[in-house]
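For the record, the sequence lines run as chains L and X. Note that the numbering used here has the first sequence beginning at 1362, numbered continuously upward. Note that the numbering used here has the second sequence beginning at 1362, numbered continuously upward.
These are computed hints drawn from the structure, not numbers from a lab. Worth double-checking, as some hints may not be accurate.
Note: identical chains are not told apart, hence a pair may lie in one copy or across any two.
To be verified - Only pairs whose alpha carbons sit at most 30 Å apart, straight line, appear in this in silico DSS-like list of lysine-lysine: (1) Lys1582 with Lys1748; (2) Lys1748 with Lys1526; (3) Lys1634 with Lys1720; (4) Lys1582 with Lys1408; (5) Lys1479 with Lys1720; (6) Lys1582 with Lys1479; (7) Lys1526 with Lys1690; (8) Lys1673 with Lys1698.
On a predicted model such as this, the values are computed, not experimentally measured, just so you know.
Number of protein chains: 2
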Amino acid sequence: MNPTLEIFSQGEEIVTGQTVDTNAAWLSQQAINLGFTVTRHTAVGDKLDDLVALLREIAGRADCCICTGGLGPTLDDLTTEAVAQAFALPLVFDATAFAQIQQFFSHRNRPMPESNRKQAMLPQGALRLDNEWGTAPGFAVQQGRCWLVFLPGVPSEMRPIFLDKILPELPQRFSLYPSQLITIKTFGIGESDIQQRMNGCDIPASVQLGFRASLNDVQTKLLFPHAYPEPARTALVADVARLLDDYVYALEGQHEESTDLPGVVNQLMDQGKHTLAIIETASQGLLASLCIGVDWLLESRYEQSLERLTQKMSIVMDAENLSDSDVAKQLALELQKHNQSEFALVQVYTGGRDALADKNQAVTVYSVLLADKTFHDSAHTVAGSIKRKQNQAALLALDLLRRFLQFGQYSKLST
Amino acid sequence: MNPTLEIFSQGEEIVTGQTVDTNAAWLSQQAINLGFTVTRHTAVGDKLDDLVALLREIAGRADCCICTGGLGPTLDDLTTEAVAQAFALPLVFDATAFAQIQQFFSHRNRPMPESNRKQAMLPQGALRLDNEWGTAPGFAVQQGRCWLVFLPGVPSEMRPIFLDKILPELPQRFSLYPSQLITIKTFGIGESDIQQRMNGCDIPASVQLGFRASLNDVQTKLLFPHAYPEPARTALVADVARLLDDYVYALEGQHEESTDLPGVVNQLMDQGKHTLAIIETASQGLLASLCIGVDWLLESRYEQSLERLTQKMSIVMDAENLSDSDVAKQLALELQKHNQSEFALVQVYTGGRDALADKNQAVTVYSVLLADKTFHDSAHTVAGSIKRKQNQAALLALDLLRRFLQFGQYSKLST
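Can you build the whole structure from these sequences, using the hints too?
Shown next, in the form of structure tokens:
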């Protein structure tokens, strides 16, 4: 039997629906991957009695409980007090926690508000979980059979504390027989197409198959039981990856760091010591922003009007009635020259700005990559809200670059 | 006292974290707006005993319960059976429901699988909730003090059934006195600083005060009870807004559409028929991408090296050892000229690209806005991960623009 784990979310913003509880889903996935059985999610607001009663209830029922929220500096942050009451643990001033909170503010050149002092009070005997990403330290207490972990509710603090401090601790405290999750990440192919391709492959009944589609990719998930032999696993994963062909941009096992399409492109660009300059239209800066911090992106430009851009770049078009793709190629040549970059990537789209903004109209996004004096290009129809189109346009341009770097060409027909 | 309402979500996909439970948040918002107090969210998987126990527990505790999920045709859809067991209500074949399910399939020219017959079995005495959007009818039962409503888990079926069948029913069954929620959105001031300022203002005990901090803003929420006199409400909101001063970028009542900082800037830019060109550094395209679809953004540029940019723009700096802010001002002048835009906004930062990438180092982001031949500027220390710095840099530049548009100047000291 796997040990059981419950998720407990605290905060009025959750229970009133102002915030969707993404923490509960994220933590559950982590726990399942480790080998827990997740039995229940509970969320309540800022009511001390409810919190106390629930903490006692869960501690009597589950082997582990991960709680998020209610650790902030304000009066309505009641979790620590609730733990103290529920388990008769007096609150004790933690000098180390206090020093860290003070440091957080001094690093930002801000005075520490008096209210933050409260965050240094921890239940007696609790394990402190240092928060390097915000002011509220987490903590953990053992109550009878149940190990209860308390983390801040802000995902950008909660996730790193969990990964850094809790993930390594759990296998020490529980007998865990984790399944092995393999995630095959694809871009440019839909969930039903993937399912049809998968018919060409026998998945054993003991392997759980799942799909997760988002705006950024479709993930095919294979969950192998703990005792599954490794050679058979490797062979099955290779079979599935072959069926999904060059749509696959990343293949991840359980313990590798998760990567996304920009991450994969970044690795390939760094490896080849390439450089790039970009002109964006439909994605309006999003493409550049996804490449934050990389060394290889020299310049990126968004221009509302292509006409104005060609004028500014002093490009004289040879003929009238040039197609958008011809203009894009001219721009790529100029862009490469101006920046003395190895590659130049230019994105244009047909249909105009009104169609881009209209959720009922589709536009065709055309991306061209200039590399080794050769043009590589792709054209795709994108539909939906303007934000969806923006996102797709950015990822399609990145995927053109990824395919070129991996295969030396854009190997698929445009859709 | 408002009647209490709980949300109960059923399904392995929720409890294992494969699906984020957006239904719970959506239903809670609906319930709060109607005048319920939402006290708890619970989610469990496909275990009959858990379901039965929880249904009894909730029925003894809440005045209303909205349950989603578990109404499908497959073996692991156990909600109806759990209701039958929990409340000793035998399942009865509902001919109308069955006819609707048959019709659903015949309209799609598909044979009805035998398993779907199960969906026409409803607990004795239940109110049937016709599902015009899928196969699973919902239903509702009264158990003691509690009215329990059961809806399919697919949001595209759940939402219209709720809006069509439940929303009109609730005011008939409950004495509802909806509260009024006012949200005051601020940027550039922290939650604890807000709390300290709020000490200058008496919030009556009947008004519920809450805060929500995210990367993009801090929201101060005032929840007024139903009978609260409007003049007093208006006066209190004005008092709080005054204390928060020009950090306030939006003030929202319960029924206005929600807006964010880019949305507010967009309104102000459109109203004034202004135009803008941007140079981004630390935000690397994110600032432009947040302004997707606007008419007033003519050009945006990211350049990795400021030196290269000044060369490319043929700017000759008059003196050596110019400060970053001097360079930024020169760039703004050139940018405005090149684009013939009314405004030019330039962002630079000190500390270099290594410091930007290092989560343990802070950088100072300097934004300068050129408008009416006058420079308006702001400088802020930003810390944390590179993505956090990127986001803050983009919003700080937008906020400089917002303050100029609202007040004609950047009225606060830099921090």
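Hints, one by one, checked against the model:
1. For the homomeric pair Lys1582 and Lys1748, the shortest alpha-carbon distances inside one copy (27 Å) and between copies (28 Å) are both at most 30 Å.
2. Only between protomers do Lys1748 and Lys1526 lie at most 30 Å apart by alpha-carbon distance; the minimum there is 22 Å, versus 36 Å within a single protomer.
3. With identical chains, the CA atoms of Lys1634 and Lys1720 are at most 30 Å apart between copies only, with a shortest distance of 24 Å across copies and 39 Å within one.
4. In the homo-oligomer, the alpha carbons of Lys1582 and Lys1408 lie at most 30 Å apart only across protomers (17 Å), although the nearest pairing inside one protomer, at 39 Å, exceeds that limit.
5. Taking identical chains as interchangeable, the C-alpha atoms of Lys1479 and Lys1720 lie at most 30 Å apart only when they sit on different chains, with a minimum of 26 Å there against 48 Å within one chain.
6. In the homo-oligomer, the alpha carbons of Lys1582 and Lys1479 lie at most 30 Å apart only across protomers (22 Å), although the nearest pairing inside one protomer, at 43 Å, exceeds that limit.
7. Proximity of Lys1526 to Lys1690 under the C-alpha cut-off of 30 Å is found in neither arrangement, the shortest distances being 51 Å within a copy and 46 Å between copies.
8. Proximity of Lys1673 and Lys1698 under a CA criterion of 30 Å is satisfied in both settings, with 14 Å inside one chain copy and 12 Å between copies.
Hint 7 alone, counting from the list given before, is not met by this structure.
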